[in-house]
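J.: The residues making up each chain are set out below.
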Amino acid sequence: MIIIIHLFGDLLSNIASSKGERVLLTRNEAIARGILESGIKFITGYPGTPASEIVDELASIARQYGLYVEWSVNEKVGFEVAYASSLAGVGSAFVCKHLGLNWIMDPWIVASETGVNAPLLIVTGDDVHPYASQNAQDTRFLARVAKSPMVEPSTIQEAKDIVKLAADVSRRLELPVVVRATLRICHSRGVVELGDVPGGTFKGFFKPDKERYVMIASKVRRRLPLLNRKFYYDAVKIAEEFPLNKVIYSDNAELGVIAVGLSFAYAWEAVEMLGLRDKVSFLKLAWHLPPPRELISKFLSDHSRVLVLEEVDPFLENEVKSIAYDVGARVRIFGKYSGHIPFEGELNTGIVARAIARITGCYREVEMFALSNGGAPVNNLSDLVIRRIPYLCPGCPHRASYYSIKQAVKSLGLKAIVTGDRGCYNQGVHPPLEAIDTCICMGASIAMAHGFSKSRVDDVVIAVIGDSTFFHAGLPALVNAVYNGSKILVAVFDNRWTAMTGLQPNPSTGVNAMREPARRFYPEELAKAIGVDYVRTVDPYDVKASVDEVVKAIEYIRSEGKPAVLVFRRPCIIQEAREWRRKGVKPTPYIVNWDRCTGCRYCIVSLGCPALEFNEERRKVSINEDKCVGCGVCAQVCPADAIAPKRGE
Amino acid sequence: MGSYNVLIIGVGGQGVIFASSVLGRAALNSGLNVVIGETKGLARRGGTVEAHVKIGYSENLSPLIPPGYVDLLLSFEFMEGLRYLNRVRRGGIAVISTESIKPINSYIYRGEKYPKVDSSIDILSEYAGINNVKIILFDPKPIVSKLKLPQVANMAMLGFAYGVSGVNVGKVEFIKAIRDVARGRYVKENIEAFNEGLRCSENVKAKISKPGLVVFP
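Chains as they are written, first to last, in the working numbering: chain P, 1 to 649; chain U, 1001 to 1217.
Errors might be hidden in some of the hints.
Stated by the list, open to error - Output of the computed footprint for chain P on chain U, the stretches with three or more beta carbons under 8 Å from beta carbons of chain P:
hint : stretch
1    : 1137-1147
2    : 1157-1166
3    : 1190-1204
Claimed, not checked - Derived DSSO-like pairs (lysine-lysine); straight-line CA-CA distance at most 27 Å:
hint : chain 1 : residue 1 : chain 2 : residue 2
4    : U       : 1116      : U       : 1102
5    : P       : 646       : U       : 1176
6    : U       : 1113      : U       : 1146
7    : U       : 1188      : P       : 586
8    : P       : 620       : U       : 1176
9    : P       : 586       : U       : 1116
10   : U       : 1148      : P       : 627
11   : P       : 620       : U       : 1210
12   : U       : 1205      : P       : 627
13   : U       : 1205      : P       : 620
14   : P       : 19        : P       : 164
15   : P       : 454       : P       : 544
16   : P       : 410       : P       : 544
17   : U       : 1171      : P       : 627
18   : P       : 562       : P       : 552
19   : P       : 19        : U       : 1176
20   : U       : 1176      : P       : 586
21   : U       : 1116      : U       : 1188
22   : P       : 583       : U       : 1116
23   : U       : 1102      : P       : 646
24   : P       : 279       : U       : 1210
25   : U       : 1146      : P       : 620
26   : P       : 415       : P       : 552
27   : U       : 1113      : P       : 586
28   : U       : 1210      : P       : 627
29   : P       : 620       : U       : 1116
30   : U       : 1176      : P       : 627
31   : P       : 219       : P       : 164
32   : U       : 1102      : U       : 1141
33   : P       : 646       : U       : 1188
34   : P       : 586       : U       : 1210
35   : P       : 583       : U       : 1102
Derived from the structure by calculation, the hints contain no laboratory data.
Don't be surprised by glycine CBs; every beta carbon is placed ideally from N, CA and C.
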């Protein structure tokens, strides 16, 4: 039991407090608490910023509250697991980031067709102004395709409360319901008053109904009218009464603002900032899909000018315009098409204040934000500031792996195309490593490498993929590469954790989400079973052995014309450091012998390890002892043999 | 705006999230509403960490401080303090650590030199004058070396910033907040660092009655 608690590392749950308490929660914690309070006990997901913490939180208290929590191998699988559980009458939630919804599209649409027997929530964290994603898609369009009602909180308290309301809607409509939270919502904290957590446990019971659950075409045709009635009529009726949709009228309203989610908070602040509280009315929509048509048409008919506030695409704006057309409202509608709100990026109070100032002609205080929004620099302060290139952690095994790949390719006098994938190792694109040429989405490295190879490029083609991504989407691509005969090297960077999103366990870890022992999968075994004849494993900290293995693997794929798999295995250094702290172990840092260091900076330029520093006065490299974790890779690459472990004092 | 806006800045590992939690909890303990927005995506990878702490009575606080509306900037790193200085409103305060954490690019590219504290002083002074901002360059080393714990520099700076700014929160609430947030880890040291920072602020209060630059100690 002690081991189980410790394995959660720094994760101490805030959400297991008692009813009535007022606590400071992140919105991810608030959503997790909302899931608890809604009585949902079955949770699946795949990690992705900004939603990962929701599942992490619930996993850490699974035992205490009798939950089943699963990190699934990918989103599609995770959704299908939760869907089946809800068919068996168990309230369930599936959690992912916005990109994960692309993976569940297929089962999701059908889940709406069949309907569900207990609440099924899809909780999505949307990185709308991407901080950690390859696109900024507007997930509302996807929910529309799947005909799932969608709700979105605008305060942290609402983030908790909305989950329970969404679960009730899912129960009433027998449809999956989406709870959408943008990154800014997920990663902010505020005061939340807690409610009751229902006790009890769950037990599934599935009553077969082939008309409903075997979705062959003839049955889909019979079932569609029911789905359309639910989405276009029943859901709209519930939306009209949704308690978190609010209308705030002012008597002399010159402008009405329709705001979705967090936009409401920005609008509220902007109106206060401009001193327009008595001149602006609000329609705050926490439920916007399908839109509450009567609520909106009444608001439109009460105002001559309406501003629609939303992040990403003009989704609601189009809905509002279509409602305005249907009811013949005589109103000017402002938003993205009018140029008042940008199409890209997240909103803030300043952007909204400028928009409202432009529409109302009230510019009070607005010149203030000119200072840092494109205003001329007031002096040459900004010239002093330089960028911070993101790097891999000190001692990160990926750095060593990339170094070996680059060295091996160079030593053979060849050129390589390196296709990257999603995970920490995509940081390898930054200088000085600049080690990958492509990175688009989960699992694409292997399929793209195969595509390049088949396109008859002259270069060696190397796919780089992490452990979690390998299990997520790399496997089918590897089968494809073997099946179709591909001349590629697949380098699996196996650090045993899904590190990028906060160190979640995956099939390579040996434990599951609830930290129970689980089968540990080795990419080598899978590769062999798939039919890859050349499979090797190396420790990336052993630079010479790694370079040799890459050289041999490249020679193999060139001479045999078949794929090779090389697994670079070394646990994530962050996870290792946690283990060291727990055991009271301190790593031995390395030190530079200045008598030998020539100041050539090869270590810094070839590795970019943040523990390496350059002393300008002495023109020598030094190692920051607080950062060095003693991986010893720099010592192996130093041409002057000037780096060695620090001897005990 | 209807809130007191504190922007806390640092790079990964400097305790930005911890400091913002303490400040937020202290405000909560004082019966105020508080919202904290964080940008921490690349914290582990050398990126900047931002915590927007908004304290007030309004129910509808958004989690972002618009540029030009920062009442108090607290930067645990020198260059990041310069980077975010233009977020501070006229009449606002910036407390910037002199601790320098150089990015790896400063060792690799000739054109990317990390700014030296000494040679930045004139420009900062000029900036403070033009923009009516009070800037305090704060070296936490004396306090930290006294307590022999580099990790508590953030609490020393929070205590100092609390002393020189208008955060409407009681000291007792701050101490309680540190206990709540630290959860048994270095509670005594964190409280000592906070108190020491607060004590130091007494010495400079007279100097910062007007806009300009103060270097402490």
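J.: Next, verify each hint and record whether it holds.
T.: For each hint, the structure was consulted:
| no. | hint | result |
| --- | --- | --- |
| 1 | 1137-1147 | violated (count 0) |
| 2 | 1157-1166 | violated (count 0) |
| 3 | 1190-1204 | violated (count 0) |
| 4 | U:1116 - U:1102 | holds (11 Å) |
| 5 | P:646 - U:1176 | violated (41 Å) |
| 6 | U:1113 - U:1146 | violated (31 Å) |
| 7 | U:1188 - P:586 | holds (24 Å) |
| 8 | P:620 - U:1176 | violated (47 Å) |
| 9 | P:586 - U:1116 | violated (33 Å) |
| 10 | U:1148 - P:627 | holds (18 Å) |
| 11 | P:620 - U:1210 | violated (44 Å) |
| 12 | U:1205 - P:627 | violated (36 Å) |
| 13 | U:1205 - P:620 | violated (42 Å) |
| 14 | P:19 - P:164 | holds (15 Å) |
| 15 | P:454 - P:544 | violated (31 Å) |
| 16 | P:410 - P:544 | holds (14 Å) |
| 17 | U:1171 - P:627 | violated (34 Å) |
| 18 | P:562 - P:552 | holds (13 Å) |
| 19 | P:19 - U:1176 | holds (22 Å) |
| 20 | U:1176 - P:586 | violated (32 Å) |
| 21 | U:1116 - U:1188 | violated (34 Å) |
| 22 | P:583 - U:1116 | violated (40 Å) |
| 23 | U:1102 - P:646 | holds (23 Å) |
| 24 | P:279 - U:1210 | violated (37 Å) |
| 25 | U:1146 - P:620 | violated (30 Å) |
| 26 | P:415 - P:552 | holds (16 Å) |
| 27 | U:1113 - P:586 | violated (33 Å) |
| 28 | U:1210 - P:627 | violated (40 Å) |
| 29 | P:620 - U:1116 | holds (19 Å) |
| 30 | U:1176 - P:627 | violated (32 Å) |
| 31 | P:219 - P:164 | violated (32 Å) |
| 32 | U:1102 - U:1141 | holds (17 Å) |
| 33 | P:646 - U:1188 | violated (32 Å) |
| 34 | P:586 - U:1210 | violated (48 Å) |
| 35 | P:583 - U:1102 | violated (31 Å) |
Comparing the model with each earlier hint shows violations of hints 1, 2, 3, 5, 6, 8, 9, 11, 12, 13, 15, 17, 20, 21, 22, 24, 25, 27, 28, 30, 31, 33, 34, 35; every other hint is respected.
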